[in-house]
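Engineer: Listed here are the chains, written in short residue letters.
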Amino acid sequence: MVTRTISFTLNGRAVNAEVQSHHNLVEMLQSQFALTGARESCGQGLCGCCTVMVDGLAVSGCLFLAMRADGTEVTTVENLATPKTLDPVQQAFIDCGAFQCGYCTSGFILMAKSLLAENPDPNDDEIKDYLAGNLCRCAAYPEIIDAVKTAARNTKPA
Amino acid sequence: MSGTVLTGGQVGRSLPRLEARAKVTGAAEYTHTMRVPGMLYAKMARSTVPHGRIKSIDVSAAKAVPGVYGVYTGEDIKTVIPDPYYGPAFHDQPILALGKVHYIGEPVAAVLAADPHVAEHAAAQIVAEYEELPAVFDEVEAAEDKVLVHDELKPATTFADLKHLKGRKDTNCALDFRLRRGDVEKGFAQAAHIFEHTFKTQKVLHLAFEPHASIADYKDDGVTIYSSAQGPSFVRTEIARLLGWPENRVRIKVPFLGSGYGGKLYIKMEALALALSMLSRRPVKVALTMEEVFFTITKHPSTFKIKSGIDKDGRVIARKCEIWWNGGAFADIGPRVTQKSGFTASGPYDIENVSIDSYALYTNLPPAGALRGFGIPQLVWAYESHTDMIARALKRDPLDFRKQNLLREGRPHATGTILKDAAIEKVLDTIAARLDWKKPFERGTGTVKRGRGLAVALKAVISPTTSVAIVNVGGDGSCTLYCGTIDMGQGSDTAMAQMVGEVLNMPAETIRVVPRDTDVVPYDMGTLGSRSLFHMGHAVRLAAEEAKAKIAELRREVGEPDGSNAPLADLFQKKYGMQAGNIVGTGTYKPDYIPPEAGTGQTTNATPFWMTAGAGVEIEVDTETGHVRILRLINVADVGNPINPRIVETQLSGASLMQLGFTMFEKMHIDNGQVTNASFADYKIPGIHDVPAIMENEAVEAYQSNGPFGGKGVGELATFGVSPAIANAIEDAVGVRLMELPLTPEVVFRAIRAHNNMPLGDE
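Protein sequences, first through last, are from chains A and B.
Each residue of the first sequence is one higher than the one before, starting from 1 at the first, in this note's numbering.
Each residue of the second sequence is one higher than the one before, starting from 1 at the first, in this note's numbering.
To be clear, the hints were calculated from the coordinates, so they are not data collected in a lab.
There are no misleading hints in this set.
Heads up, simulated SDA-like pairs for lysine to any residue below, C-alpha to C-alpha not over 20 angstroms straight-line:
#: 1; chain 1: B; residue 1: Lys684; chain 2: A; residue 2: Gly133
#: 2; chain 1: B; residue 1: Lys684; chain 2: A; residue 2: Ala132
#: 3; chain 1: B; residue 1: Lys403; chain 2: B; residue 2: Asp311
#: 4; chain 1: B; residue 1: Lys550; chain 2: B; residue 2: Thr586
Work out the full structure: start from the sequences and follow the hints.
Structural biologist: In structure tokens form, the structure reads like this:
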């Protein structure tokens with residue numbers, strides 16, 4: 001098996017990683033950077049629990065080969081908050097009770113952020129369409145829709 | 001949704017979850033993503049036949065794979081654990097198959113490697129040969145005992161409510177629960193109308209997004225197991241039993257659970273991780289893939305034959321229930337599902353003559369256990385469909401017919417236990433009011449027809465069970481709670497902290513709930529069956545009350561006047577001359593219970609509290625495609641006094657949407673014992689587009705008089721009524737009656753065609 005050193009930007013910091021050709025992005029983030037916010041669940045890119053942003057685009061980290069991260073800018077859910085502040089999307093998820101077990105929450109938050117970057121004022125149908133690739137077995141969907149709308153309100157320019 | 005905020009200001013508050021920040025920042029830890037230094041990964045080779053004797057297992061090719069640390073079979077396990085069988089009701093599940101395999105997917109051998117991909121690759125090289133035996137898959141056929149899944153059944157006797165299980169031979173029936181009240185045959189003889197129907201439910205599964213994971217780190221003087229477990233106390237008991245050790249050498253640690261819904265109860269991958277750690281002398285992680293979860297634990301498929309006798313005035317005077325539960329290859333907790341659901345199989349109705357027979361059956365399928373409702377959703381599916389069919393046949397309004405027969409406060413239930421604090425009628429009335437039931441309903445036009453339906457249910461919570469809690473107030477006045485309830489998303493940490501805060505007059509968000517670790521957290525029977533808020537709630541309340549009494553004592557001891565508001569830290573300062581000391585309160589709760597009499601199921605105390613809930617729906621059916629659209633889903637429940645109204649609402653909403661999946665499309669497809677759709681690509685669960693356009697959730701005003709702060713359990717309630725309410729609405733819309741789940745467009749379309757005397761050709 002081939003091992004290669006790749007270089008990329010992770011949450012704003014230049015980093016290197018030793019990866020083998022079959023390792024996926026989630027494995028690399030968990031094993032080499034102790035970032036466990038992106039988690040494998042279905043292993044088929046269908047549930048969205050492993051969502052990671054690569055060069056500004058949401059990818060399924062369980063299907064995205066780690067080597068492909070070479071030279072990219074990778075952002076995970078861990079990059080959204082500071083010790084004192086939360087991103088408005090994170091705050092809205094708390095305020096609206098938009099999660100139960102929390103396993104899928106990172107993926108929903110990254111996708112909701114991505115949606116709001118493209119469409120600052122989405123309606124219910126636009127939210128559902130955009131988030132249709134993320135699943136929540138606890139089925140906190142009504143609260144998630146609510147949270148996205150709340151975040152949209154709270155991030156609108158005054 | 002709102003509740004009564006109590007004087008301490010904590011109970012009744014819609015406080016966000018205590019762990020909310022950890023969950024939105026990605027910091028929340030789950031076993032599936034945990035690592036321990038030096039850890040090896042295990043991957044399993046699994047049985048390829050549904051029933052067979054193992055002739056040989058060739059592990060040589062797997063051993064030869066570079067990077068493989070070791071390959072182990074059931075025989076190897078016996079060298080470290082001589083009697084390697086486990087289970088909560090029967091010790092019937094081998095850690096790895098021994099002698100026989102019982103279903104396709106049963107673990108037969110395990111490979112260890114530092115790289116999980118190496119282990120997976122090697123596990124695929126293991127070749128086992130079997131002498132195939134005849135297999136049985138259907139629960140009703142299994143009851144004929146022509147094919148025996150197990151040669152002998154060995155009861156576990158661990159749990160107080162399952163002490164009566166007997167060692168049996170020559171049967172697939174792990175437990176048959178009987179209830180007899182009045183004389184059902186006499187009732188039928190007196191009846192003006194008799195109705196008999198048979199309903200079936202399909203095989204579905206929990207699919208918690210965090211697949212099962214356990215890491216065992218075995219040392220000669222003790223073992224630590226990190227696990228995605230809903231009941232660490234039971235895991236500890238079972239691991240200690242397998243080792244022949246006292247429990248204090250076994251430590252079970254449980255971080256957050258990527259939910260459970262009953263699928264992570266009792267013992268799952270823990271024993272395998274333990275055995276592999278003993279054999280390899282290394283920490284071992286067993287973390288399933290989602291595909292493997294389909295071969296680990298499922299919900300019980302069921303067949304329910306229900307017969308009712310109705311007198312000339314429309315009263316149900318006799319009901320006979322026979323239920324066959326398809327438990328799969330290992331009993332897991334099927335006997336409890338069979339017994340506990342058997343209690344209430346006749347429904348929330350006041351019926352003089354009742355006969356119930358409920359059978360837990362082994363089959364050659366992946367094992368079945370508890371799934372959000374302990375069998376109740378399967379029963380309600382049958383009895384509320386049946387009730388509707390009777391009402392329609394008698395040309396009675398389904399609401400009025402139910403109300404005429406409803407079990408009311410103070411009346412004996414079929415078990416003989418008097419109904420108390422179960423707002424069945426209020427639940428039903430609230431659903432009807434929200435549906436404007438008595439007003440004309442728009443029936444749709446053209447090929448799209450509209451209908452509506454409702455259903456109401458009753459459950460007796462499991463008993464007897466015990467919870468223990470510790471409240472610890474430190475020298476600075478801050479408070480820590482030790483309780484074994486697992487927070488898997490239901491918000492128990494928050495609710496428990498609210499109850500402690502209510503007693504000690506502290507904001508709940510300042511109270512720390514210690515992560516689950518059996519070395520420090522006291523006993524709890526398990527996070528299951530909606531028992532925790534009631535049982536652990538009481539234990540937590542008692543612990544806090546004891547701490548409060550000790551604080552008052554300390555106040556007097558240091559000379560503070562009665563009614564003094566001096567901060568707690570000052571009291572400790574005065575007593576110890578510095579920030580030091582603790583006040584520890586403990587609480588233990590075990591409700592009274594009288595076991596049901598063998599043979600009749602009669603008891604005057606079947607349950608510490610009743611659970612009741614129901615659903616109402618408005619739907620439209622496209623008669624050209626069979627598609628059913630849920631326009632409106634109403635969930636109404638008696639939760640007693642809601643401790644945290646917002647979390648209660650998300651529990652009701654989430655449970656009903658989960659049941660919507662089990663109702664409309666979820667199904668494990670099985671071909672000669674082989675699950676053929678074991679992935680999210682082929683097994684659909686509810687997504688964001690499946691949420692009905694209108695969802696309403698309501699907790700009726702209620703108070704559980706013997707509950708902590710008037711509260712009781714919530715997690716399962718909104719699963720109960722969904723399936724029959726939808727089937728009832730489909731009949732209301734298009735006149736066809738469906739008696740087997742799921743209600744897919746194909747099933748609906750075929751039924752419509754058959755109803756119109758144009759059945760589809762291939763039937």
